[in-house]
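Q: Here are the chains, one letter per residue:
2 protein chains.
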Amino acid sequence: MPESSKAVETAIDIENTLITDENPRFKKQIEFVLEVDKLKQVLRRTILIDRSRRENSAEHSWHIALMVFLFAEYSADTGIDLMHVIKMLIIHDLVEIDAGDTYCYDEAGRQDQVQREKIAAERIFGLLPDDQRRELRSLWDEFERKESPEAKFANALDRVQPFLHNYFTDGQTWQEYQINSRQVLDRMQPVKNAAPALWAYVNTLIGEAVERGILDK
Amino acid sequence: MPESSKAVETAIDIENTLITDENPRFKKQIEFVLEVDKLKQVLRRTILIDRSRRENSAEHSWHIALMVFLFAEYSADTGIDLMHVIKMLIIHDLVEIDAGDTYCYDEAGRQDQVQREKIAAERIFGLLPDDQRRELRSLWDEFERKESPEAKFANALDRVQPFLHNYFTDGQTWQEYQINSRQVLDRMQPVKNAAPALWAYVNTLIGEAVERGILDK
Numbered sequence: 283m284p285e286s287s288k289a290v291e292t293a294i295d296i297e298n299t300l301i302t303d304e305n306p307r308f309k310k311q312i313e314f315v316l317e318v319d320k321l322k323q324v325l326r327r328t329i330l331i332d333r334s335r336r337e338n339s340a341e342h343s344w345h346i347a348l349m350v351f352l353f354a355e356y357s358a359d360t361g362i363d364l365m366h367v368i369k370m371l372i373i374h375d376l377v378e379i380d381a382g383d384t385y386c387y388d389e390a391g392r393q394d395q396v397q398r399e400k401i402a403a404e405r406i407f408g409l410l411p412d413d414q415r416r417e418l419r420s421l422w423d424e425f426e427r428k429e430s431p432e433a434k435f436a437n438a439l440d441r442v443q444p445f446l447h448n449y450f451t452d453g454q455t456w457q458e459y460q461i462n463s464r465q466v467l468d469r470m471q472p473v474k475n476a477a478p479a480l481w482a483y484v485n486t487l488i489g490e491a492v493e494r495g496i497l498d499k
Numbered sequence: 283m284p285e286s287s288k289a290v291e292t293a294i295d296i297e298n299t300l301i302t303d304e305n306p307r308f309k310k311q312i313e314f315v316l317e318v319d320k321l322k323q324v325l326r327r328t329i330l331i332d333r334s335r336r337e338n339s340a341e342h343s344w345h346i347a348l349m350v351f352l353f354a355e356y357s358a359d360t361g362i363d364l365m366h367v368i369k370m371l372i373i374h375d376l377v378e379i380d381a382g383d384t385y386c387y388d389e390a391g392r393q394d395q396v397q398r399e400k401i402a403a404e405r406i407f408g409l410l411p412d413d414q415r416r417e418l419r420s421l422w423d424e425f426e427r428k429e430s431p432e433a434k435f436a437n438a439l440d441r442v443q444p445f446l447h448n449y450f451t452d453g454q455t456w457q458e459y460q461i462n463s464r465q466v467l468d469r470m471q472p473v474k475n476a477a478p479a480l481w482a483y484v485n486t487l488i489g490e491a492v493e494r495g496i497l498d499k
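For the protein sequence lines, the chains are A and B, in the order given.
Each residue of the first sequence is one higher than the last, beginning at 283 in the working numbering.
Each residue of the second sequence is one higher than the last, beginning at 283 in the working numbering.
These are calculated hints, taken from the structure and not from any lab test.
Note that the structure is predicted; figures quoted are calculated from it, not measured.
Accuracy of the hints is not assured; some may be wrong.
Stated by the list, open to error - Dumping the calculated SDA-like pairs for lysine to any residue here, alpha-carbon to alpha-carbon at most 25 Å:
hint : chain 1 : residue 1 : chain 2 : residue 2
1    : B       : 310       : A       : 410
2    : A       : 309       : B       : 333
3    : B       : 309       : A       : 309
4    : B       : 310       : A       : 485
5    : A       : 309       : B       : 358
6    : B       : 428       : B       : 452
7    : B       : 309       : A       : 329
8    : B       : 400       : B       : 317
Work out the full structure: start from the sequences and follow the hints.
A: If you want it as structure tokens, here you go:
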């Protein structure tokens, strides 16, 4: 079972504020801003580079948003809308507030992942005013479909960042969950066409990881 | 003294990868991506909404980047470049990797803050290839100067988010550090002109906080 932060109950007394009662749109926006704070409690399998602890999904989202403008030059499609990519990455994990982070190599957990995340998306984006709900939901759907050039590049970065963490922590997570190079290669497929230069790098590191004995062949 | 993550030593064997040795530009970018991971270890005084722990600067940066597109409609200047605002917010705290987070009401710590952060900016952005170093340094300088419409709006959100955390955790941090309403009002000044609607809301909440006894007058 993926972990969820649902058990963490917050003590928000938003009803107590005058101005938001008078302005339902603003009230919804504030409720959403407070709700998304819970993403900081969703732990991923990835560990930090200094190995001190597991990474949470909020700081992961920040990291890959930063990678967008660092690595934009490696996008196969040079005409992509980077703002669109960044927006997608900032909101791509919000569903985990309810659905938890599903480990990418957890076959059992992944079976009902789509369903769990759709229900989560309904509730979480549903906190927003209609126009913003539609906008964020549409961004999330686009990310999940992996079809638009922006979604492809966003997904590539979402794969590369934890890969770098795994490699530069001597494969600690790979070993803990007994992941092999074929599984990693499969997982990295979205990088291939979206960012060929990053794909070449990933391939080199996978080869070295096997050679160094930190990743099973 | 502000806290720093400098003591946390990472074990990165980046020299070991062939492809980066052949490509100094890419090597610098990868080193930067690994280095900024340390921002996840810089703790702020702000606590999470569920009060379970202090917030770190990476997840704070994510939160306010998300607030940009939620609250764009409250920007006094309706013509601002939102991508520029988001980029600024994503990188605005990177200097804290060396300089630590200086608590906004810590008068002693703030005296040498500018100098400490400038040295940090030199080192951290200096890890990047020249063009990207110039771009990110320029974004950070712009944020710090608080002069452009984009920098003003970015600074407003950077103030509003921790304020919401303080208010919706019943002023726990205000009380712990004996902060009064005058100090909070001063701190919130950048919101006034950049986002008048948010300023009105902040003012209401400050009044209520004093009335509820969670903030000293």
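Q: For every hint, state whether the structure bears it out.
A: Each hint, compared with the structure:
This hinted pair does not check out: residue 310(B) and residue 410(A) have alpha carbons roughly 40 Å apart, beyond 25 Å. A threshold of 25 Å between alpha carbons decides the hint, and for residue 309(A) with residue 333(B) the separation of about 22 Å falls inside it, so the pair holds. Using a Cα cut-off of 25 Å, the hinted pair residue 309(B) and residue 309(A) is violated, with the two alpha carbons roughly 46 Å apart. A C-alpha spacing of about 19 Å is found between residue 310(B) and residue 485(A), which places the hinted pair at or below 25 Å, so the restraint holds.
For the suggested pair residue 309(A) and residue 358(B), the alpha carbons sit about 19 Å apart, so the restraint of at most 25 Å is met. With a C-alpha separation of about 30 Å, the suggested pairing of residue 428(B) with residue 452(B) is violated against the 25 Å cut-off. Taking the CA atoms of residue 309(B) and residue 329(A), the gap is about 22 Å. The hint holds against a cut of 25 Å. Proximity of residue 400(B) to residue 317(B) is assessed by CA-CA distance (about 17 Å); at most 25 Å being required, the pair is judged to hold.
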